[in-house]
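J.: Chains as they are written, first to last, in this note's numbering: chain A, 1 to 405; chain B, 1001 to 1349.
These are calculated hints, taken from the structure and not from any lab test. We put the beta carbon where it would ideally sit given N, CA and C, even for glycine. Please note: incorrect hints may appear among the correct ones.
[Stated by the list, open to error] In silico DMTMM-like links for lysine to aspartate or glutamate, alpha-carbon gap of 25 Å or less:
1. B:K1148 x A:D156
2. B:K1336 x A:D156
3. B:K1046 x B:D1190
4. B:K1148 x B:D1240
5. A:K189 x B:E1319
6. B:K1336 x A:E253
7. B:K1192 x B:D1178
8. B:K1222 x B:D1232
9. B:K1148 x A:E253
10. A:K154 x B:E1338
11. A:K189 x B:D1273
12. A:K189 x A:E121
13. A:K154 x B:E1079
14. B:K1175 x A:E351
15. A:K154 x B:D1232
16. B:K1148 x B:E1079
17. B:K1175 x A:D295
18. A:K189 x A:D178
[To be verified] Anything over 12 Å on all C-beta distances counts as not near chain A; from chain B, calculated:
19. L1109
20. G1130
21. N1194
22. W1195
23. V1205
This is what each chain is made of:
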Amino acid sequence: MATSAKEGTRSTMARRMTSLPVLFTVLAVLIFVFYQFVLGRLVQPVQDFFGGWFPLTAVNQCIIWATLAVGLNIVVGYAGLLDLGYVAFWAIGGYVAAWIMSPFFTQWQINIFGTAPPGLEAGIHVNFWLVLPIGAAFCALWGVIIGAPTLRLKSDYLALVTLGFGEIIPEVFRNAGDINGFNLSNGTKGIDPLDPIPTGPFHLLGVPSTLGPFDNTYKFLVYGLLCAFAIFVSLRIRVGRLGRAWLAIREDELAASMMGVPLMRTKLAAYAVGAALGGIGGVAYATLTNGVSPDSFQFANSIILLAMVVLGGMGNVWGVLVGALILEWINSTGLAQFGSTFNNTFGTSVEFSSYNFLIFGSLLIIMMLFRREGLLPEARTRQVLQEPERGEIEAVGADLEGSTV
Amino acid sequence: MTLTQTPVEISESRPPLSRGALATRVLGLALLAALAVWILYSAVTKPTQFASAVVTGINNGALYALIALGYTLVYGIIELINFSHGDLFMLATIVAAFVIVTVFGVTSLSWWAAVVLLIGLVVTMSFAAGLNVAAERLAYRRLRRAPKLAPLITAVGLSFVYQFVGVTANGSAQKPWDTILGDTGFYIGDVKINWKTIVVIAVTVPLLLAMTWMVANTRQGKAMRATAQDQDAARLMGIDVDRTIAFTFGLGGALAGAAGVLFMQANGLTRWDAGFRLGLIAFTAAVLGGIGNLTGAVLGGFLIGVIENLNNSLGFGQEWGQTVIFTILIVLMVFKPEGILGKPTTEKV
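The following block holds chain B by itself, in its conformation from the complex:
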């Protein structure tokens, strides 16, 4: 499932590999093999820790996947790295906390809590979608024909504005919140699985399936794919390009909103700088899976989540978390910029 697919790359035949490219490929494969050996080794020597790291990793990975989809959708359609997306997610966590805890006062489990969680999801998703559409309408649309640097810098500026709103609303320290499920869970062997992880998966997977179905099967999805391929041709075919792009922003925003609710409920805190870190991790996930590729973003999200948590408990430790993730990003850019599922493009001059 991919948004970007130019006809050029289909007709192109593969040139034979040069010696340099071959060396790069061998080195890349060697790095990958080393990583695999390390993961296998730790799985065999410390199975319990490994399993709980994987469970936490899947929990976080679901959130990364939701955010990564926002990046990949927008990149797929207008080739913009929407830098403010992580901070949109951060605002969503604050809105979620406001709706669920401050307005409804729900801090423990009951049937009413499930209803409120659903309300919180709907409100937060519409808020984030609306905000993202507004940003597109007010800023990015005007810059669609500008040099590429312009929308990117605008996105950076927007992320600063969002962070300002976050600091004003949430304070400069992180705020703890009571969550519906707390730390309750059940055990499989020695591995604890939190109920909140189950909820995160239960919300994420249907959302991902619904979105994939929508892009693949509906008229709107077809319009999105057409716009991603060629805006002018899509316009000639009677597609409202502006509306389609706005819709894509809305969709990405809604997914970030859902991620915001889940993050707030899973971690029980909101902080103004959460968006920066998670946004970058999610972007790495999107690149890992192949940017512009929806399945790839989900896969990348889960992979990054698992790798991050393996590093936290078995690798270098949490204080090196960012270094590990960004090293992955840089190594990936060097060896395989198109990602796991992406197709190499001819544009990398």
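Next up, chain A with everything else stripped away, as it sits in the complex:
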């Protein structure tokens, strides 16, 4: 009975692992087809509705935030390491993209399959599809550099160190406009514009050969693909040896190390993988906004990402995805649209978008107080809760654990 149940979960898990990213990709393609081909043929009110409530820039933002949240989920949800400075990796990824696919470094002229727009050939131009792995690797390197000395600390200290790191990195970019005469980051002005995204062989199918700032529908497909990749990676690692080691560490560090899980190496791996996905998200975000500026990497972004992970259900990729899409949509368009509709209907002038701090803050508190496992809790958590055969003493212990004194 017990073994068959176990095998059952394993096979469903394996099926899920491959089927869900595919499902996600199919959904993304359907949304793309809708925006590219269908929406333009619909009646004007419907077009206005989608233009107001679901504009493509917002949809693209949502999907990039979702990629980042899936990356953070590896660190926080899988390995149980609270990271309050995830925005640092986002920033590093963004700046890597800005450095090597823009005309910024005019003193050099390097082109590696690059797509420099005419007139802007100076600088380093690397193909977008090469920048992605470079950005990911660079971020992973930084994840290891910051993680190696600090991961042996207790969890709450780690949170503070990561927070400090998340504050230092944007400040470095803000101040590094002139390091002994060398302009590393262009200071507060930031770096723009970035090279367009090349589409390679697909331009034979009628797709534009490069995707500039205004090709939002095609870009959506690119970002959707990246998000699907992030989902696939996290699901894939989750069922493997490394993923199980992460969960073991999350649930009981001491027991895990007694069972032979190398703590430092496993935690570092979580950090590096999370950072790499953050880097991919950063590169994507830089191409979406067509530039980077140090002020867009605020501490609040780290917290909003954390809220996404917590709301969706720590450890469950699909929960995190839903949480991220909902929260970022509320943040970017939902709240403002709701506010203007509300104000138009009732003749009021309430500034709804100023309430997002209150919404995110109380969301975190309420979730922690009443539904700590998130909206879509991970199957494992649910399983543990529904476990039928449990020793009497264990049950008593669990009851004591749950009771509030």
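With chain A's structure known, arrange chain B on it following the hints.
T.: Chain B only, in chain A's frame:
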């Protein structure tokens, strides 16, 4: 004077240092020596600037110490980094400005101003203490047995809610206020010492002494120390653990309230995001002194204040201020996580 002290670490004998630990220690000492050499060098080459930086540093350090105590008290008793503490302080600055300037209209020096300052202190301290106790009662108490991530995330959420209140009450730009003492001061040699610095010290030091005395000598203080050591044992000894923890939150909140009044009077401004920066600096101060250690928090506060101002006027400049402070935090975590006065614990798995 410390809150946390587990019997394990007393009976433990020191294992011999491994090569890695030795290398870490040597590197840490080298960094410390480099810092000391730089401070000495700047003291010798630019004595006036150095002295005024130290004076400003002590002024700011007093505020950091008051806030850091709130972190260290709460951490000492329930091992929670109360992330919202900095924003509690920020709300206190707004309340202080409201009471002193808006309600009483006091913007210049008179005997009445001293009375109002005292009233402002009392009101703000009770406000911050009450708010902190309420937060403990409504949120943290329910999460005391939950995994550690839960109360920490709750604290982060609470800090967002406080910031929302701050933005709503104060606006998104910083608000300037007239202060009682303004920029008046006196000179010792070439170094100007503001009267407000004297007031800050005159308020901070008695508060710190009173609190230290209370924790060391009163029944309530004894209950706090007992609860910090072992909650269950304390309960068995007839200590009301819930009340003691609430009291600790209240105490930390009151100190943050006092810091709020002093900040508002010393800097003449309130801003909604002041709490984030100062809270982090104060936390660094608490870690520097050894978290859970009351004397350490005060020492760390003054040290960080002085280092920050030395950096502003003689070092890399103000725009690198956060980087310097967080680098200190990270370096400290790597080389000496227990802080200057803390004792190494066995818990750092």
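J.: All hints, please: hold or fail.
T.: Okay, the hints, checked on the actual structure:
A C-alpha spacing of about 8 Å is found between B:K1148 and A:D156, which places the hinted pair at or below 25 Å, so the restraint holds. A threshold of 25 Å between alpha carbons decides the hint, and for B:K1336 with A:D156 the separation of about 16 Å falls inside it, so the pair holds. Simply put, B:K1046 and B:D1190 have alpha-carbon atoms about 12 Å apart, close enough for the 25 Å limit, and the pair holds. For the hint linking B:K1148 to B:D1240, the alpha-carbon distance of about 23 Å falls within 25 Å, and the restraint holds.
Restraint check for A:K189 and B:E1319: the C-alpha separation of about 15 Å stays at or below 25 Å, so the hint holds. Under the criterion of a C-alpha separation no larger than 25 Å, the hint pairing B:K1336 with A:E253 is consistent with the structure, at around 22 Å. Distance check on the hinted pair: B:K1192 and B:D1178 sit about 20 Å apart at the alpha-carbon level, within 25 Å; holds. Using a Cα cut-off of 25 Å, the hinted pair B:K1222 and B:D1232 holds, with the two alpha carbons roughly 15 Å apart.
Proposed proximity of B:K1148 and A:E253 is supported: the alpha carbons are some 13 Å apart, at most 25 Å. Restraint check for A:K154 and B:E1338: satisfied, since their Cα atoms lie roughly 11 Å apart, inside the 25 Å limit. For the hint linking A:K189 to B:D1273, the alpha-carbon distance of about 22 Å falls within 25 Å, and the restraint holds. Simply put, A:K189 and A:E121 have alpha-carbon atoms about 21 Å apart, close enough for the 25 Å limit, and the pair holds.
With a C-alpha separation of about 11 Å, the suggested pair A:K154 and B:E1079 falls inside the 25 Å cut-off, and the hint holds. About 21 Å separates the Cα atoms of B:K1175 and A:E351, which keeps this hinted pair within 25 Å; it holds. A C-alpha spacing of about 23 Å is found between A:K154 and B:D1232, which places the hinted pair at or below 25 Å, so the restraint holds. Proximity of B:K1148 to B:E1079 is assessed by CA-CA distance (about 9 Å); at most 25 Å being required, the pair is judged to hold.
A hinted pair counts as satisfied when its Cα atoms are at most 25 Å apart, and B:K1175 with A:D295 qualifies at roughly 22 Å. A hinted pair counts as satisfied when its Cα atoms are at most 25 Å apart, and A:K189 with A:D178 qualifies at roughly 12 Å. Every CB of chain A lies more than 12 Å from the CB of B:L1109, the least distance being 37 Å, so the non-interface label holds. Separation of B:G1130 from chain A is adequate, the least Cβ-Cβ distance of about 18 Å exceeding the 12 Å criterion.
No Cβ of chain A approaches the Cβ of B:N1194 within 12 Å, the least distance being about 28 Å, so the stated non-interface status holds. With a least beta-carbon separation of about 33 Å from chain A, B:W1195 lies farther than 12 Å from that chain, consistent with its non-interface assignment. Its beta-carbon lying about 28 Å from the closest one in chain A, B:V1205 satisfies the requirement of being farther than 12 Å from that chain.
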